[in-house]
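Following the hints, put chain B in place on chain A, whose structure we already have.
Same order as they appear, the protein sequences are chains A and B.
Residue numbers for the first sequence follow full-length UniProt numbering, beginning at 1 and rising by one.
Residue numbers for the second sequence follow full-length UniProt numbering, beginning at 1 and rising by one.
Just so you know, the hints here were simulated from the structure itself, not pulled from any lab data.
Using N, Cα and C, we set each Cβ at its ideal position, and we do this for glycine too.
Restraint-style ranges between C-beta atoms, simulated for each label pair:
| hint | chain 1 | residue 1 | chain 2 | residue 2 | range |
| --- | --- | --- | --- | --- | --- |
| 1 | B | S44 | A | R138 | 40 to 48 angstroms |
| 2 | A | I35 | B | P218 | 48 to 56 angstroms |
| 3 | A | G241 | B | G171 | 27 to 35 angstroms |
| 4 | A | I168 | B | G325 | 18 to 26 angstroms |
| 5 | B | S304 | A | S317 | 29 to 37 angstroms |
| 6 | B | D275 | A | D212 | 57 to 65 angstroms |
| 7 | A | D212 | B | G325 | 36 to 44 angstroms |
| 8 | B | G325 | A | A289 | 24 to 32 angstroms |
| 9 | B | L213 | A | S197 | 30 to 38 angstroms |
Computed list of lysine-lysine pairs in BS3-like fashion (alpha-carbon distance at most 30 angstroms, straight line):
| hint | chain 1 | residue 1 | chain 2 | residue 2 |
| --- | --- | --- | --- | --- |
| 10 | A | K299 | B | K324 |
| 11 | B | K20 | A | K175 |
| 12 | A | K16 | B | K173 |
| 13 | A | K292 | B | K284 |
| 14 | A | K173 | B | K16 |
| 15 | B | K324 | A | K176 |
| 16 | A | K324 | B | K173 |
| 17 | B | K16 | A | K176 |
| 18 | A | K324 | B | K292 |
| 19 | A | K173 | B | K20 |
| 20 | A | K173 | B | K3 |
| 21 | B | K176 | A | K324 |
| 22 | A | K175 | B | K324 |
| 23 | B | K176 | A | K20 |
| 24 | B | K175 | A | K16 |
| 25 | B | K324 | A | K324 |
| 26 | B | K324 | B | K284 |
| 27 | B | K175 | A | K324 |
| 28 | B | K292 | A | K292 |
| 29 | B | K292 | A | K284 |
| 30 | A | K3 | B | K110 |
| 31 | B | K324 | A | K292 |
| 32 | A | K20 | B | K175 |
| 33 | B | K16 | A | K175 |
| 34 | A | K3 | B | K173 |
| 35 | B | K20 | A | K176 |
| 36 | B | K299 | A | K324 |
| 37 | B | K284 | A | K324 |
| 38 | A | K16 | B | K176 |
Number of protein chains: 2
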Amino acid sequence: MTKVYIAIIGVGGVGKEFLKQLSNYITSNRSAPHILIPIVVSRSSAAVVSQDYSPIFLPSALDNLARSTTNPLSFPDEALSYFRGAPGEVILVDNTSDEKLAAHYPALLKNGVHIATPNKKGFSSDITLWDSIFASARGPSNLGGGYVFHEATVGAGLPVLSTLRELIETGDKVKKIEGIFSGTMSFLFNTFAPVGSGSSARFSEVVVKARDLGYTEPDPRDDLNGLDVARKLTILARLSGLNVRTPTSFPIQTLIPKPLESAASADEFLQGLGDYDTAMDELKRDAEAIGKTIRYVGKLDVESGHVEVGLHTFNTSSPIAGLKGSDNIISFYTERYGDNALIVQGAG
Amino acid sequence: MTKVYIAIIGVGGVGKEFLKQLSNYITSNRSAPHILIPIVVSRSSAAVVSQDYSPIFLPSALDNLARSTTNPLSFPDEALSYFRGAPGEVILVDNTSDEKLAAHYPALLKNGVHIATPNKKGFSSDITLWDSIFASARGPSNLGGGYVFHEATVGAGLPVLSTLRELIETGDKVKKIEGIFSGTMSFLFNTFAPVGSGSSARFSEVVVKARDLGYTEPDPRDDLNGLDVARKLTILARLSGLNVRTPTSFPIQTLIPKPLESAASADEFLQGLGDYDTAMDELKRDAEAIGKTIRYVGKLDVESGHVEVGLHTFNTSSPIAGLKGSDNIISFYTERYGDNALIVQGAG
Chain A
1 MTKVYIAIIG VGGVGKEFLK QLSNYITSNR SAPHILIPIV VSRSSAAVVS
51 QDYSPIFLPS ALDNLARSTT NPLSFPDEAL SYFRGAPGEV ILVDNTSDEK
101 LAAHYPALLK NGVHIATPNK KGFSSDITLW DSIFASARGP SNLGGGYVFH
151 EATVGAGLPV LSTLRELIET GDKVKKIEGI FSGTMSFLFN TFAPVGSGSS
201 ARFSEVVVKA RDLGYTEPDP RDDLNGLDVA RKLTILARLS GLNVRTPTSF
251 PIQTLIPKPL ESAASADEFL QGLGDYDTAM DELKRDAEAI GKTIRYVGKL
301 DVESGHVEVG LHTFNTSSPI AGLKGSDNII SFYTERYGDN ALIVQGAG
Chain B
1 MTKVYIAIIG VGGVGKEFLK QLSNYITSNR SAPHILIPIV VSRSSAAVVS
51 QDYSPIFLPS ALDNLARSTT NPLSFPDEAL SYFRGAPGEV ILVDNTSDEK
101 LAAHYPALLK NGVHIATPNK KGFSSDITLW DSIFASARGP SNLGGGYVFH
151 EATVGAGLPV LSTLRELIET GDKVKKIEGI FSGTMSFLFN TFAPVGSGSS
201 ARFSEVVVKA RDLGYTEPDP RDDLNGLDVA RKLTILARLS GLNVRTPTSF
251 PIQTLIPKPL ESAASADEFL QGLGDYDTAM DELKRDAEAI GKTIRYVGKL
301 DVESGHVEVG LHTFNTSSPI AGLKGSDNII SFYTERYGDN ALIVQGAG
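Pulled out of the complex, with its shape left as it was, chain A reads as follows (with noise of 0.2 angstroms):
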């Protein structure tokens, strides 16, 4: 029976669904070969720490974290000291979107301490941070490194970076990937350009709907910039083998029109959206006039190197164009495949 210790940071949607779920693992799994010891779960401005490396008790850890005035552990160096007390290897689940604590992925990597995390800061960066993780993390000629896994940095629970890794590890060769990578962009033109039926809904009311349902974050600006796809498209892109050096060193497309990038507030820049429908809805009547529909997606072509994000049209017969609801999808060429992609879809 192996202990494997575990540090949680960050309490938001994510973290709070992870919690939710670790514990139902460790209650449910109290005989399997790993036994996972959560010692840390914090937030920016607080935490709960394990000072003798026994289990936090994760159904009232969220209660006792709100309640808690102890300082989160900082980082590197007070982390590392005490992660390197624990009595067997610790896992950092990095749940936040921190650019800041992911700079700090080396150092932990080096001193074998594992990271698990959805946050895309640390691979979506300047590529000298992707380097230099990878450069720390275990390898066939670093056996004390951390293991670093980021499955859910792109697609969240779907598969895309595991096929991804194992096409490349056989020996396949990835000519093109495509798709669209957000659910917020795919409710967006779901609901403004739905296949079959037709939709008389304006653009901006689309975008007040998904607020509404919470599918977009606070301030829709920070989806309708395209960046969060780009941040995707880029870990994608070096996966494939592509030297990307920021996420915004290709064509990114904004939704945002350009006098409305200052609105003050998220209600004051929504207002505004409304004036710019009929530019959007030319698009679609456009789209629709050569039997196709519009999709925001982002792509790559390995061979001429070509990373975009942006909005296309597609047939409305592809896959891209019948996705439902606010699901992703994601299609792989590569030379195994041929012509016929590898599809994974589903909810991201």
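Here is chain B on its own, set in the frame of chain A:
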């Protein structure tokens, strides 16, 4: 640098492609931390065996095999004794569809030989063989057993079993699995009843076309009886926790008309099949009359324990109906994914 020894049995379509990919892999990974050493290339009547465990040169292996007068290793004793002599771990790659060879998996695994195979027989025959395989394979309480990998037994190269295992291992609950698991069945119904464009082809003509294109077994009845799909569904059902005793212990709809089961040859069968085209046309028209289309699918429902293989109708806008060519599609409905299935599709 770890040396891993590989014994390859079977040089049919799958076996030949495997040898080609392995040869390319070895050529382009000379400095990898794991060096793969082919020591056996075998077909049913002859073998090339490296007596001193030096690597067989794959580019000429098939020619040498064609000229070889060496008998194949006999299982289990001679093979085990040869494998035990190897100066490292041995992986048996079974590229046959031989049930007799599969029956030796437990003895091989117990002796630490690893198995990687697309051969469905070991995993879809009587459940006692399944139980015996997994009791003999490496596990928490059996660290000396060999690993067994059979990803390609369902969905070929598509990440189907890995996705299912990952969902279960991370605590998700599978509720339903549904899909098109046979490239042949996919092609037949995508061609006979395509969505969008009408088709006037008769079912028997489509079967002849599929055979001419090499999409069916030499005798198409080996596809049309549904057994291949039933074996795949048996594997998925067992991994999902259902106790399926044999691959025929649930309803399987055959597409072979009763009187033609005993037709003396494939040609005689195909000539007779035309007499049943009207019945198939009716099924197609009945589906179209309610805005649907017919597809040959496998389904399992974990809660009710229901497993079945056969024709069903699907909305023309569903991903199953919209499939192209001979692609496979597998939809996983789980507790976490709710009504939005996690879908994997592509060439099977």
